[in-house]
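Novice: If you want the building blocks of each chain, they are given just below.
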Amino acid sequence: MAAQQTRDLAGAVDSTDPQVGLAAVASLRTLVERLEELHVANARERGWSWQEVGAALGVSKQAVHRKHGRRRRLLG
Amino acid sequence: MFERFTDDARQAVVLAQEEAVALRHGWIGTEHVLLGVLATGGDGARLLAGFGVDAAGVRDDVVRMIGRGEDGIDPAALATLGIDLEAVRERVERAFGPGALSRRGHCRRGGVSMRVPFCRRAKKALELTVREATSLGERDLRTEHLVLGLLREGDGVAAKLLTERGVTLAAAREKVAGRDAA
Chain A
669 MAAQQTRDLA
679 GAVDSTDPQV
689 GLAAVASLRT
699 LVERLEELHV
709 ANARERGWSW
719 QEVGAALGVS
729 KQAVHRKHGR
739 RRRLLG
Chain B
83 MFERFTDDAR
93 QAVVLAQEEA
103 VALRHGWIGT
113 EHVLLGVLAT
123 GGDGARLLAG
133 FGVDAAGVRD
143 DVVRMIGRGE
153 DGIDPAALAT
163 LGIDLEAVRE
173 RVERAFGPGA
183 LSRRGHCRRG
193 GVSMRVPFCR
203 RAKKALELTV
213 REATSLGERD
223 LRTEHLVLGL
233 LREGDGVAAK
243 LLTERGVTLA
253 AAREKVAGRD
263 AA
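Going line by line, the protein sequences match chains A and B.
Heads up, the first sequence is in my numbering, so the first residue is 669 and it goes up one at a time.
Heads up, the second sequence is in my numbering, so the first residue is 83 and it goes up one at a time.
Careful: at least some of the hints might be erroneous.
Stated by the list, open to error - Covered, in the sense of this in silico footprint (three residues per stretch, anywhere, with C-beta under 8 Å from a C-beta of chain A), are these stretches of chain B:
#, region
1, 132-143
2, 159-166
3, 201-209
4, 226-239
Stated by the list, open to error - EDC-like mimics (lysine to aspartate or glutamate), calculated; alpha carbons at most 16 Å apart, straight line:
#, chain 1, residue 1, chain 2, residue 2
5, B, K242, A, E701
6, B, K205, A, D682
7, A, K735, A, E701
These are computed hints drawn from the structure, not numbers from a lab.
The beta carbon of each residue, even a glycine, is placed where N, CA and C say it ideally should be.
The following block holds chain B by itself, in its conformation from the complex (with noise of 0.2 Å):
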């Protein structure tokens, strides 16, 4: 899939892997793919900001919405269970002292990969990112393709975040196909 991608849309999948590690989240949600293409700043960041969206507002939202984890720890798989380790941390913090919740009795077992799976929404939204671009003719998948993919996925955090921001597919394509038209 990544191979008509081009250097910045394989710079934003990296990056959108570092995020997800520096956040010790679980995987490559489309929030993280979103924060790469903002971090990459190529087409796909200009476009954003065309819609006044920047990488420390949404980066502000991912934290505030799903919050940091821990090693082996990831907020929100476990939101899905209803159980918000913000909260959680708080109470333990509070009765153990700051940073209980990490401390570590033990060593790690060894060898633990950093590397982190993408999620079926973020893989969805890459799936559509080839789509998008296959339909307004292009060969290569730039990182606005990129956005028009995550937006297209439509039930992402990424989505609801640009969703939020007022950013729409439609008007998106429009600027996309309006710039390739030029």
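The shape of chain A in the complex, shown without the other chains (with noise of 0.2 Å):
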């Protein structure tokens, strides 16, 4: 999808639809999950620290590895 159909799919759908709305935030905050999924596990995967991965982030090692310390083969 070029950016152009963006702008007019844009236009097509009403962004002051609740519905829309509120799946649009729902839909970033998912998005935003998988590639934090992604990253953080390619992160470990290349000999990175919770430490590290947490100050990346702006957390704490001990939230990051309570979140993904059971998923470090995701990319396996």
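Got two chains here, each in a separate frame; can you build the complex from them with the hints?
Specialist: What follows is the structure in structure tokens.
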């Protein structure tokens, strides 16, 4: 989908419809979660410590380990 | 609202839901209702065939325009923020391999409903379907009235796709009314 099509589509979708606005927020949140999983797994594969991963994400190493510690083999 | 719908018109709404789920879209938009009408193959599909509109062509355009979503990620919703999910997917897959964006590290929450809500424009189109049928003096709401409702709504993706194909509300109304009179 080209940028022009994104704009055309945005015109045909009513962004003041709560159904659309809330779905946009939820979709963005899910997308961020997916990207976080991928990049945390990638960093761990490359030998980053939980401390370093947490610092890059702006959260404590405990928080990032609690969230991602059991998904180390995601990219494997 | 659905009490006056014929079996075909109900079927079109059911298929609209299935189209939205299959494309991983987060709501039923006017484009899914249009796909539902075409998939049902009743008088609405025949009316549209008269304008050269077919299901395969419309589905291709919906996929080209909106793209496919992921569980929990709606491409049309992201487009309202200027985010092109297709472009994001392409970059993520280039870095992490095919299907990287859909790969789940954990199980989905249990009991996630597969029912998808209607967006406001699709609801509006359904309301206008009732009015179109009523103004034609029809009690039953058939799939061709759904087509008129989608056209009269005017701002949704379905209206855009139909207008691009040269289908106007006036011409469609004339055909429906002409057949009713015959």
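Novice: Against each hint, give a clear statement of whether it holds in the structure.
Specialist: Quick rundown of the hints versus the structure:
With 0 residues having a beta carbon nearer than 8 Å to a beta carbon of chain A, the region 132-143 of chain B misses the requirement of three or more and the stated coverage is violated. Proximity of the region 159-166 of chain B to chain A, defined as three or more residues with a beta carbon under 8 Å from a beta carbon of that chain, is established by the 8 residues found. With a threshold of 8 Å between beta carbons, the proposed coverage of the region 201-209 of chain B by chain A holds, since 3 of its residues qualify and at least three are required. Counting residues of the region 226-239 of chain B whose CB lies closer than 8 Å to any CB of chain A gives 3, which reaches the minimum of 3, so the coverage claim holds.
For the proposed pair K242 (chain B) and E701 (chain A), the alpha carbon gap of about 33 Å is over 16 Å, so the pair is violated. Between the alpha carbons of K205 (chain B) and D682 (chain A) the distance comes to roughly 12 Å, so the proposed pair stays at or under 16 Å and holds. The suggested pairing of K735 (chain A) with E701 (chain A) holds, with an alpha-carbon distance near 11 Å, which does not exceed 16 Å.
Violation of the numbered hints given earlier is confined to hints 1, 5; the remaining hints are satisfied by the structure.
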